[in-house]
Every structure is written in C-alpha cells, then in structure tokens.
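J.: Model the placement of chain L on the given structure of chain W, informed by the hints.
Going down the list, the protein sequences come from chains W and L. Oh and the first sequence: position 183 is 183 in the working numbering, straight run, nothing missing. Oh and the second sequence: position 298 is 298 in the working numbering, straight run, nothing missing.
Because the hints were derived from the structure by calculation, they are not lab data. Among these hints, one or two may not hold up.
[Said to hold, decoys possible] Reference listing, derived: stretches of chain L covered by chain W, where coverage requires no fewer than 3 residues with Cβ under 8 angstroms from a Cβ of chain W: (1) 181 to 192; (2) 271 to 282.
[As the list claims (entries may be wrong)] Some, not all, of what chain L presents toward chain W, calculated at C-beta under 8 angstroms: (3) L255; (4) V260; (5) H317.
Glycine included, every Cβ here is placed at the ideal spot set by N, Cα and C.
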Amino acid sequence: MPDALLAVDGLSVAFPGAGGDVEVVRRLSFSVAPGEFVGLVGESGCGKSITALALLRLVPEPGRITAGRILLEGEDLLELAEPEMRRVRGRRIGMIFQEPMSALNPVLSVGFQIAEAVRVHHAVSRREAREEAVRLLDLVAIAAPRQRLKDYPHQLSGGQRQRVMIAIALAAKPDLVIADEPTTALDVTVQAQILELLEGLRQQLGLAVLLITHDLAVVAETCDRVVVMYAGQGVEEAPVEPLFAAPAHPYTRGLLAAVPTLGGAARGGDLPAIPGQVPEPASLPAGCAFHPRCADVMDECRQRQPEIYRVAERQTARCFLYEGPRPEASGS
Amino acid sequence: MSTILEVEALSKEFPVRRGLLQRQRGSVRAVDRVSLRLEEGECFALVGESGSGKTTLARSIIRLVEPSSGSVRFRGRELLELSPRELRRQRRDFQMIFQDPYGSLNPRMTVRKIVAEPIEVHRLIPRAEIPGRLRELLGLVGMPEDALDRYPHEFSGGQRQRIGIARALATEPSLLLADEPVSALDVSVQAQIINLLVDLQRRLGLTLLLIAHDLAVVEQIADRVAVMYLGRLVEVGNASEIFARPRHPYTVSLLSAVPVPDPTSGRQRILLPGEPPSPMDPPSGCAFHPRCPIVRQRCSTDEPALEERAGWPVGCHYPDEMSAPLIG
Numbered sequence: 001m002p003d004a005l006l007a008v009d010g011l012s013v014a015f016p017g018a019g020g021d022v023e024v025v026r027r028l029s030f031s032v033a034p035g036e037f038v039g040l041v042g043e044s045g046c047g048k049s050i051t052a053l054a055l056l057r058l059v060p061e062p063g064r065i066t067a068g069r070i071l072l073e074g075e076d077l078l079e080l081a082e083p084e085m086r087r088v089r090g091r092r093i094g095m096i097f098q099e100p101m102s103a104l105n106p107v108l109s110v111g112f113q114i115a116e117a118v119r120v121h122h123a124v125s126r127r128e129a130r131e132e133a134v135r136l137l138d139l140v141a142i143a144a145p146r147q148r149l150k151d152y153p154h155q156l157s158g159g160q161r162q163r164v165m166i167a168i169a170l171a172a173k174p175d176l177v178i179a180d181e182p183t184t185a186l187d188v189t190v191q192a193q194i195l196e197l198l199e200g201l202r203q204q205l206g207l208a209v210l211l212i213t214h215d216l217a218v219v220a221e222t223c224d225r226v227v228v229m230y231a232g233q234g235v236e237e238a239p240v241e242p243l244f245a246a247p248a249h250p251y252t253r254g255l256l257a258a259v260p261t262l263g264g265a266a267r268g269g270d271l272p273a274i275p276g277q278v279p280e281p282a283s284l285p286a287g288c289a290f291h292p293r294c295a296d297v298m299d300e301c302r303q304r305q306p307e308i309y310r311v312a313e314r315q316t317a318r319c320f321l322y323e324g325p326r327p328e329a330s331g332s
Numbered sequence: 001m002s003t004i005l006e007v008e009a010l011s012k013e014f015p016v017r018r019g020l021l022q023r024q025r026g027s028v029r030a031v032d033r034v035s036l037r038l039e040e041g042e043c044f045a046l047v048g049e050s051g052s053g054k055t056t057l058a059r060s061i062i063r064l065v066e067p068s069s070g071s072v073r074f075r076g077r078e079l080l081e082l083s084p085r086e087l088r089r090q091r092r093d094f095q096m097i098f099q100d101p102y103g104s105l106n107p108r109m110t111v112r113k114i115v116a117e118p119i120e121v122h123r124l125i126p127r128a129e130i131p132g133r134l135r136e137l138l139g140l141v142g143m144p145e146d147a148l149d150r151y152p153h154e155f156s157g158g159q160r161q162r163i164g165i166a167r168a169l170a171t172e173p174s175l176l177l178a179d180e181p182v183s184a185l186d187v188s189v190q191a192q193i194i195n196l197l198v199d200l201q202r203r204l205g206l207t208l209l210l211i212a213h214d215l216a217v218v219e220q221i222a223d224r225v226a227v228m229y230l231g232r233l234v235e236v237g238n239a240s241e242i243f244a245r246p247r248h249p250y251t252v253s254l255l256s257a258v259p260v261p262d263p264t265s266g267r268q269r270i271l272l273p274g275e276p277p278s279p280m281d282p283p284s285g286c287a288f289h290p291r292c293p294i295v296r297q298r299c300s301t302d303e304p305a306l307e308e309r310a311g312w313p314v315g316c317h318y319p320d321e322m323s324a325p326l327i328g
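The shape of chain W in the complex, shown without the other chains:
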C-alpha cells in the first residue's frame, strides 16, 4: 500500500514466559491511510493495547518486538535510533489514553502541560506557546480556554480532562493519533461529545486516527475501516459497512451477535453468546486459535493455522472458510 501513512507488516511482540517466549501479538499487518479512521477492535487480552505501545516502540520490559516492520510514510520505525524515535512520538504520532487523570501531571496546570508539549516540538517562545495552548483548548471545544489555563487536572471533569489530553496529543500537529479506549472511562453522554469532537478534528485537520477499543458500537459510529483482533492476530479486516453488514470471520459474527443493541431483536436471555473463554497467550489451542469456540469449526482448523484469505473486495479474513480458489490477499 504505497499511499499508506502507517503500514504495519508482520508485527510480532513477545514476552518471556516459563516455557520460552509467549507471543502476544502475532504477525499483525494493517495500514492507515492519511485522514483515515481505523478501528483496532478486540476483547481484553487480544493484544490491541500492546500493539498501540509497539507502534511507538514503548512495549514494557521484558516484552519486545520480535518481528515485523512499522512503516511511517515508508520509513521503518524499528530501524530508527532512540533519539530519532523520540521525535516520532508526540511529534508525528500523537497518543490519547483511556484514563486522562493518570496521563496528566496532577501538580502542573493544564496550560503549562499543553504549552510544554508545544515547546518540546516547536521552537517558540513561552508567550507563543501559551497562545498556542489557548488555541488548542479552543480547538477541542473547551469553553473560556484562557481562564482554563491555570486549572489543575483535578479541577476538571472527566470529559474536560480527555479534551486536554487530545489538545496535548495535537500540540505537535501530528498526522496520526493513536487513541487507546479514549471514551471507555466516560459516561455515555460525555462519550458522545468526545466522539463528535474526534470526528470534527478529522474534518478540520485531516487527522488520521487509530482507534483501539473493545466497543464495536463506537467503531461503527466513528471508523472507516476495522481490524478485528483475536488472540494476538488480525482475524478480519474490512471497511465498516461490509464488516457490520456481512461479517466474514466466525469470531466477528459471534461478537456482533453477542452485543446487546438498543432496539435489537434478541431479548430476555436469548443473546447468542460465544461459548467458552478467550485463551491465554501462553496456552493457545493448536491450529486456529478460535477453533474451540467456533460455530463453523472444521477438521483442518484443529490441525493447521489459517492464513489471511480474501473474502471480497477490501475484505479479508483469517479463516479456512475463505481458502481456495480466491486469490490470496497481501494482508493489508
């Protein structure tokens, strides 16, 4: 994909375990185009948050990236020296976390923290940085931004803190923002405000966002394209419309059926649940990692691992149902 802003190719991340390395991300490939919203969805333990950290080369010790390439505008981030990598973080890729209270410094005013983020990446005076902080607070729709500069994080509500986090992420004018569960800790009426804000920023700034979430409904409302992860692997990738209208992978299908929906058909205990539990990375089943829970399991699913197969135009799935005469997709 030559026009990709970010192209992840065969990324693997492993942690040392009792019986050797345990892979928590396994040969993951996907890409994000400029201005595109891509959702990385999966349940807890699927490797989505570690993927986010790996993209910034922030995998916590003793974990490490064991294979793959992370191409940002064609340049492999895994080849960069650490000082160069520091210029990528924040400057070219912004980051928004789930819990803004723990990501913000409680003893510094929000104005100082935003201005600091501006000054780290741009050679400007203190006064210019403060003016830029006012502009950024206004951009993220904080009312009376000049008065808010002196506020400390604890004086702000959860939604306002998340707006400040977004302002900091935007301080260096990055092309890509990685947002890890940005609305999970927020109430639903505030979540709606933040999703609206992200959508507005995309239109205003042409921002690309990699949204990491467990919430399929949030993905449906915000993203252009989705990568579904299960047990460290990408198992399906498609634009949102076909993914929600015609999910291909049995896991995606099961997940979509299991989400309770307002006004949905199932009610009163008839929710189609996926049987069993998510497997531990250290003891993955043989063959396809999903096979013990799969409604469409076949003999070969227990024996060998499926590759990524083409399902339709721009839709791929890691499932033997789609093996065969179709031409194999490249995985992105």
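T.: Below, chain L without anything else, positioned relative to chain W:
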C-alpha cells in the same frame, strides 16, 4: 403479583468534612427522597450515569450503607427498624452480585469455601448436606464440579462472575441486587452472564434489582426501569415503553447517546452540553435544567415532582416535548 420491596422517600446524605479539623461543612445528598416498588419475580433496573446515586440507592435499600431517612419494607417488614442481629438474619433473603468478580471473591479461599460460607453463616442446612448443595449450586451457574477445590485466580472473569452468582444464590434469596454485573466482562462473555441471570430469574422466581449504566444491557433484561439523575428518579416505567417512547428530556438524550453497532443507522445524537453536575453543588430547580435542551424559565426555580402523567411517572415540567430519537 405481590409487592416484595417498597421504598418510600429514601434519602442518603454523606457529611462533607473540610479543613484541618475535618469539621462537617454541610452534606451531600447522594439519594434524594426516592420511592419505588418492586414486584415479586420482576427485573427492575436502576440506570444513570456515574454519580447519579444508583449504587448508593441500592446499598441503602439493603442497609449496606445506613440511609438517612425514609422507609424500606421487605415483604411488609420495615428494614430500617431491624436490630443488627435481625438484619443479619434477614440478609439471607437479599443477596448481592458485584461488578468486579476479581475484587469480590477472597483469593485465599477455595471456591468450595467461598460458596459454602453463607450457608454455614446462616446455618441453613445440616453439614452433611452441604457438599450436595454445593454441587447443585455450581450446576445452576454452569460451572463444573471440579471447580470446587480451585482458587478464584484460576478462573476467567466470566467464570468468577458465575462463582459470585453461585455464592449469592447459596442462601436461597428471593431478591438479588446486581450492581453492574457484566460491565467488567468482555462482550462474548457478557452475553453468557446476561443469559444466565435471566434464566436464573425465571427458574428460581427471583426478583432482580439491576444497577447498570449500559442501556442496551438493561433493555435485554429489565421489565421495568427507573432513570436516575443526581440522586433523584426522573422517569419510572415499563422498560419496553420507556425505550420506545422516553418522555423525560434526560432519558431521550441518554438513549440517543448510546452508540449503535450499525454504521448505516444514520441516527442523530442529541449532544447534551456539559457533564452531570456534582451532588456537592446541585443546580436549583430541576437538577437537569443546565443541560436540558428544552429548558424554560420555570425549570431553574421550581423542582418538578415525579408525577404520574398520562402513562407513567416523569419528573419534568414539560414531558413529551422532546421526541424520541430513532432507535434501531
């Protein structure tokens, strides 16, 4: 249908202490004159955002926190007048399921001890019959018998929630309080637990008081719903009717804010300004008025009562003025 629980004008105030000497400087009313009635065998859901007081209300009802005033009658018996000893005995009739199946199970106890404890505390059956009862309880929640001699950490979140439910059922309660029972679980497992709760409610004739912020989950299980905002009920009624035709502007907005897993829905969200206010500093008049899309002069001065208005109780001077968003 007979009434199992009758709550009248229940309030819970917490003291606010400030300064070096921690002197009391006023109080916060977390639950504000709430009245409601639960019928035998129904699932009644309390919904609201964080800080709305739904958890405090549920805990006040069973005196896990002591209410400040009001009345709670369980099958006609006033709970607020029970002595600690009488209350302990009564507790076998109402048990609780918690959000966090990690924090609510003792990690040093085997599943056998965890589930047997309430049976032993209440001396419900002869010792010799306990093993059989434990097998029966595990069967009810869909856990294998060999789970009994294992520890909580050996299980996944969904399995731990099943263990918590088995423990809650051990005393054969008639009322189950479930505080966000599925919100810490993954979607694929969440559906299993929702189905289990509905199944148990039907099979055992349980009354379920469900506390939840996820309206889609509530719609799955609840027969009736009470919507809370800043410690007060703003709308109470049949779940299917409220979800189809919400009447309070807050309920309308709350429902419209719930994301729908359908990229083609083209639904319009109603964006409420601001965030839920702090109960430390409640707005005058109607607590919702600073965020209300249809606010009028009167709303900032007169507090609306929760009154039955052509259908079901709504605490709003101008109910039905906001139309329901397109749902589904």
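J.: Next step is simple, just say for each hint if it's right about the structure.
T.: We went through each hint and held it up to the structure:
| no. | hint | result |
| --- | --- | --- |
| 1 | 181 to 192 | holds (count 7) |
| 2 | 271 to 282 | holds (count 4) |
| 3 | L255 | holds (7 angstroms) |
| 4 | V260 | holds (6 angstroms) |
| 5 | H317 | violated (21 angstroms) |
The structure does not agree with numbered hint 5 stated previously, though it agrees with all others.
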